[in-house]
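Chemist: Could you build the full structure based on these sequences and the hints that come with them?
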Amino acid sequence: NAGVTQTPKFRVLKTGQSMTLLCAQDMNHEYMYWYRQDPGMGLRLIHYSVGEGTTAKGEVPDGYNVSRLKKQNFLLGLESAAPSQTSVYFCASSYPTGVNTEAFFGQGTRLTVV
Amino acid sequence: KQEVTQIPAALSVPEGENLVLNCSFTDSAIYNLQWFRQDPGKGLTSLLLIQSSQREQTSGRLNASLDKSSGRSTLYIAASQPGDSATYLCAVSPILTGGGNKLTFGTGTQLKVEL
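Sequences listed follow chains Y and G, in order. If you read the first sequence in the numbering used here, its first letter stands for residue 1, the second for the next number, and so on. If you read the second sequence in the numbering used here, its first letter stands for residue 115, the second for the next number, and so on.
Bear in mind the hints are in silico, worked out from the structure with no lab data behind them. As the structure is a prediction and not an experimental result, all values here were calculated from the model. Each hint should be verified, as a subset may be incorrect.
As the list claims (entries may be wrong) - Below, computed lysine-lysine pairings styled on DSSO-like, alpha-carbon distance capped at 30 Å: (1) Lys226(G) - Lys9(Y); (2) Lys57(Y) - Lys14(Y); (3) Lys70(Y) - Lys57(Y); (4) Lys156(G) - Lys115(G); (5) Lys9(Y) - Lys70(Y); (6) Lys57(Y) - Lys156(G); (7) Lys182(G) - Lys71(Y); (8) Lys71(Y) - Lys9(Y); (9) Lys57(Y) - Lys71(Y); (10) Lys156(G) - Lys9(Y); (11) Lys182(G) - Lys57(Y); (12) Lys182(G) - Lys115(G); (13) Lys226(G) - Lys156(G); (14) Lys156(G) - Lys70(Y); (15) Lys182(G) - Lys14(Y); (16) Lys57(Y) - Lys115(G); (17) Lys9(Y) - Lys57(Y); (18) Lys226(G) - Lys182(G).
Modeler: Right, here's the structure in full:
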């Protein structure tokens with residue numbers, strides 16, 4: 001009963017390096033999301049997807065790219081990491097409509113850019 | 115733009131006390147409201163989800179209420195225990211327009227239940 005799984009859990013990057021964060025869900029959810037959590041600012045939406053092959057921008061999309069090639073996976077990419085992208089990243093998934101639109105979250109990826 | 119506020123930012127209570135956490139939001143056009151718990155260094159655990167047509171939801175010692183017209187929700191925790199110590203987050207999603215069940219979060223209430 002894995003739910004939402006994020007890899008890696010921790011990562012340290014140098015400024016300018018690139019990386020990809022992987023999110024996998026086994027609940028057959030249509031919707032998937034990437035959030036970042038910073039002290040004093042709460043969680044903010046980076047990008048989201050309403051289905052396989054679709055992506056859209058959230059509140060803070062600059063510096064990130066995403067892809068949803070398979071329904072169960074949602075990838076978040078940083079092409080050229082900056083210290084301002086030091087944060088904890090959370091992936092979430094949910095059904096689109098109906099009674100049960102509860103969002104389920106992964107355990108987070110703590111990223112430090114030096 | 116939707117804004118979500120949680121008061122107080124931190125709360126310390128003795129074990130056994132009943133307590134109320136508050137959440138307010140500026141735009142009443144919401145689809146649902148969800149309460150989460152976050153332990154230090156961990157992910158978010160969903161506690162309760164209230165649809166916009168509902169007034170409250172209960173799970174064990176937790177009861178969440180929603181007053182959409184006034185833009186308020188409360189999370190009531192009965193007979194608090196040290197294991198309830200965590201940060202509690204409130205989040206709302208907009209009325210669905212095919213654009214995803216996107217959540218807007220408050221900054222949370224950090225709860226400490228002392229022996």
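Chemist: If a hint holds in the structure, say so; if it does not, say that too.
Modeler: Taking the hints in turn, this is what the structure says about them:
Among the hinted pairs, Lys226(G) with Lys9(Y) is consistent with the structure: their alpha-carbon atoms are about 26 Å apart, no more than 30 Å. The suggested pairing of Lys57(Y) with Lys14(Y) holds, with an alpha-carbon distance near 25 Å, which does not exceed 30 Å. For the hint pairing Lys70(Y) with Lys57(Y), the CA-to-CA distance comes to about 18 Å; that is within 30 Å, so the pair holds. Pair hint Lys156(G) plus Lys115(G) holds up; C-alpha atoms about 28 Å apart against a cutoff of 30 Å.
Between Lys9(Y) and Lys70(Y) the CA atoms are separated by roughly 21 Å; this keeps the pair inside 30 Å, and the hint holds. For the hint pairing Lys57(Y) with Lys156(G), the CA-to-CA distance comes to about 25 Å; that is within 30 Å, so the pair holds. Distance hint between Lys182(G) and Lys71(Y) is unfulfilled; the C-alpha atoms sit about 33 Å from each other, more than 30 Å. A hinted pair counts as satisfied when its Cα atoms are at most 30 Å apart, and Lys71(Y) with Lys9(Y) qualifies at roughly 22 Å.
Taken as a hint, the Lys57(Y) and Lys71(Y) pair is honoured in the structure, with Cα atoms around 18 Å apart against an allowance of 30 Å. Restraint check: the Cα-Cα separation between Lys156(G) and Lys9(Y) comes to about 10 Å, which is no more than 30 Å; the hinted pair holds. Of the pairs offered as hints, the one joining Lys182(G) and Lys57(Y) holds, with about 27 Å between alpha carbons and a cut-off of 30 Å not exceeded. Restraint check for Lys182(G) and Lys115(G): satisfied, since their Cα atoms lie roughly 16 Å apart, inside the 30 Å limit.
Restraint check: the Cα-Cα separation between Lys226(G) and Lys156(G) comes to about 16 Å, which is no more than 30 Å; the hinted pair holds. Using a Cα cut-off of 30 Å, the hinted pair Lys156(G) and Lys70(Y) holds, with the two alpha carbons roughly 26 Å apart. Distance check on the hinted pair: Lys182(G) and Lys14(Y) sit about 46 Å apart at the alpha-carbon level, beyond 30 Å; violated. A distance of roughly 16 Å separates the Cα atoms of Lys57(Y) and Lys115(G); the hinted pair therefore holds under the 30 Å criterion.
With a C-alpha separation of about 24 Å, the suggested pair Lys9(Y) and Lys57(Y) falls inside the 30 Å cut-off, and the hint holds. The suggested pairing of Lys226(G) with Lys182(G) holds, with an alpha-carbon distance near 28 Å, which does not exceed 30 Å.
Consistency with the previously given hints fails for numbers 7, 15, ordered from lowest to highest.
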